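> Chains as they are written, first to last, in my numbering: chain E, 1 to 353; chain U, 1001 to 1485.
Read the hints as simulated data drawn from the structure, not as lab findings.
Among these hints, one or two may not hold up.
To be verified - One-sided excerpt, in silico: chain U residues whose CB lies under 7 angstroms from chain E:
id, residue
1, Thr1225
2, Ala1404
3, Asn1405
4, Ala1464
5, Leu1465
6, Phe1472
On a predicted model such as this, the values are computed, not experimentally measured, just so you know.
Cβ atoms here follow ideal geometry from the backbone N, Cα and C, with glycine treated the same way.
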Amino acid sequence: MKYIIKLFIFIVLIAISFYSFILSVDPYDKYGFKYWGLKTKAVNSYRDNKFHQINNTQIKYDLFILGSSRVQAFDPELIEVDTGLKTFNYGVNNSKPEDLLAITRHIIAKQTPKIIFLQLDFYNLNTHIPVDARLKVSPLREYLDSNVKESIESSKYYYYEKNYTTLSSLKDSIKLVFKNKLGTVEITHKQNGMLIGNEAKKKPNFVEGYFTNEYKTYEFDEKRISSFRKLKTLCNKNNIKLIVSISPMNEKHFFTLISNENLYAKLFSFKKIVVEIFKEVYDFNNLGAVEYKYPYWNDSVHPSVELPKTMIKIIFNKINVTNDFGIKITNKNIDNYLKRLNTSCQILLSEKI
Amino acid sequence: MLFNSYEFIFVFLPITFFIYFYLNSKRYTEASKGFLVFSSLFFYSWWNIVYLPIILSSMLFNYIVGNSLNNNEDHHRFSKKSILTFGIVSNLALLGYFKYTDFFIENINLLSDGNIPTLDLALPLAISFFTFQQISYLVDSYRQETKEYDFLNYALFVTFFPQLIAGPIVHHKEMMPQFAKTRTKVKNYRNIAIGLFMFSIGLFKKVIIADTFSVWATAGFDTATTLNLFEAWATSLSYTFQLYFDFSGYTDMAIGLALLFNIRLPINFNSPYKATDIQDFWRRWHITLSRFLKDYVYIPLGGNKKREFRTYNNLLATFIIGGIWHGAGWTFVFWGFLHGIALVIHRAWSKLGFKLWTWLAWLITFNFVNTAWVFFRAKEWDDAVKVLGSMFSLDNIVLHKKLANVLSSLTNYGIEFRPMFDVHGTSLVAVWLICIFPIVIFAKNTVQLSIKFKQNTFYAFIAALLFVVALFDMNKISEFLYFNF
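Just chain E, with the same shape it has in the complex (with noise of 0.2 angstroms):
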């Protein structure tokens, strides 16, 4: 008996040890503790990164990049060097249309700028595809819709995570307490928000998990097509200028998706429903994609910095668009752009059959 009092002694004790350093360091920032002064937070996360680098610059941007991790590739600065835009990349893993509605009210609370430029992912709209876990516990959740953050506040393990009671959060206070007081400061972003290290890959891998997880039983998600509403009435608000495209894919991450015939139909779906929430899009997710192989891909959908140096330079007009690789798609042309690309697909279905 007297063993399994001291056995649960040293539980509480190692528990609250645990805790209290936990909240000594506050690794999410989440109550402003700096009792180890430290110089960085939020060590694992993109958008807390990129949350914290906006509420503390004092650059003021004239274009924000929107998107999930498939834009982390476009280089503020080659923007720069085409456009004469200050540029930010506030790209982040995984985001969906409740994040990106988030981002720009954060973007929007903090300056205004001259352009977004968004670029959305087939996936965006899907249904079956959950709100991103790691907004449970960024700041960011602060821009997000009651209802999204409802829905976040309901989950199972939503309290553990917001009293910091996970074992990331320790490992996240150590990791910062290493680096900022014994070792250096990891940057995996710069100071523009563009990810350090995107390199092109001669055989990028396929990623398989879309088809497995961001397009399982794909149906089309009313609250998001929703968000993306409020996201373009956002922008026309504040006087912001709204660039949206959809995001390429190499021809294998393609061909496996048209292969499907229910992902096909919604492949073509999505483009209509985007053309009629944002007006103008410009619809990299097509054939032209395909042309391009090495160097331009680091996986099957996250292109190297290659592919969004051509896309840039497409959408200010500085080359032309050829495939229809970057067509800009409007009420008026998409049943013809369809049209085309749906002949175009059933060509390539048959041949590669």
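Given the coordinates of chain E, work out where chain U should sit on it, guided by the hints.
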């Protein structure tokens, strides 16, 4: 309900423990047994109550068949052998229906170019385990090695929650005498201390080690299209360690939990990756399954009592059955076949009397087991070929960028210099493998540690530390691998 969940640790377990011993302390022994069965069924139903009737009817059926086999009166219309056959076939039919129907349909479609729709049945949790356990009960009853006339006792034998979901597969004759002992009905603080110690180790193995390797195994098997040499080895080793720490972690927790109730479950793992031959491996890995296959498949087939060639056939058949028991897929069948072949080769080799150096024997055994797990893990043949192809090919070698200056001449031989573990997203995978390897090969296992266990401050601190670290990392849903089998 998972052992590694807050609801289990903080609600279910304490309530079950205290009520069980309270009822016993008031001498309500039948009520305490009934309560334990009820709790175990509640534990089972937490996953999906729809499958509760299946386990209940399976239990009732086997209890009736077992009773018929135990009945010594000679007025049966059917012989005991017919009753036993009927019992076994019915159990296998239930298992086959849920586990193998779709596999069967898919193969029929493939052979006949047909289009029979699959049933897409969800596999009821633990069906493979409770079916095997009950088959062993029927055979033991037929052999007059055990008997049970009390349904409550029988229900407790099948449903006792520490071993219900994924074993160890226990015999009726090794469980029920323990429940009957008076000592079992009284709290034993030493057993509680050892039980909590083992549970903490198991929880840590599962939550911290197995779940970490799981991410890297998935990245290599399911996500990557191509792997370089080091990524392929990191992928296969990640799965090898994930499976061991996952399943042995579960078993440690099960044994620890049973000890809280003064029940000793049989050992299921004995440092299997220390094995120096394949027979040795199967004496150390999933020991209760090996025991079942030996007693109820290999020996009835004739074991090694017939001619040598027949023994080889029996070995092969036993392991192919073992393979398909794990899952309905040709990759599982092939995995079983590989192990069967390895045992045949080992037997033939032993007959010749050759001896290998111990370290070489270990190296061959470990690499064989690691390679065979690739088929066990792969969802499709292509995934297995992808991983194995890269493990044994020198065409795709990648070295760290920092070595580029020193070894730049190697680029002439096709060697690239970039992140070595790109697929896994971090070179931490290499660090973990390097740290875990010596633990697996040299460290004492949980059972050995529990024998040395002392009720002192050191053990209390270690147990508490492992428990709290694991507790802090339980904020995710992570099922045990053997729940799928």
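> Going through the earlier hints one by one, which of them does the structure break, listed in rising order?
2 and 3
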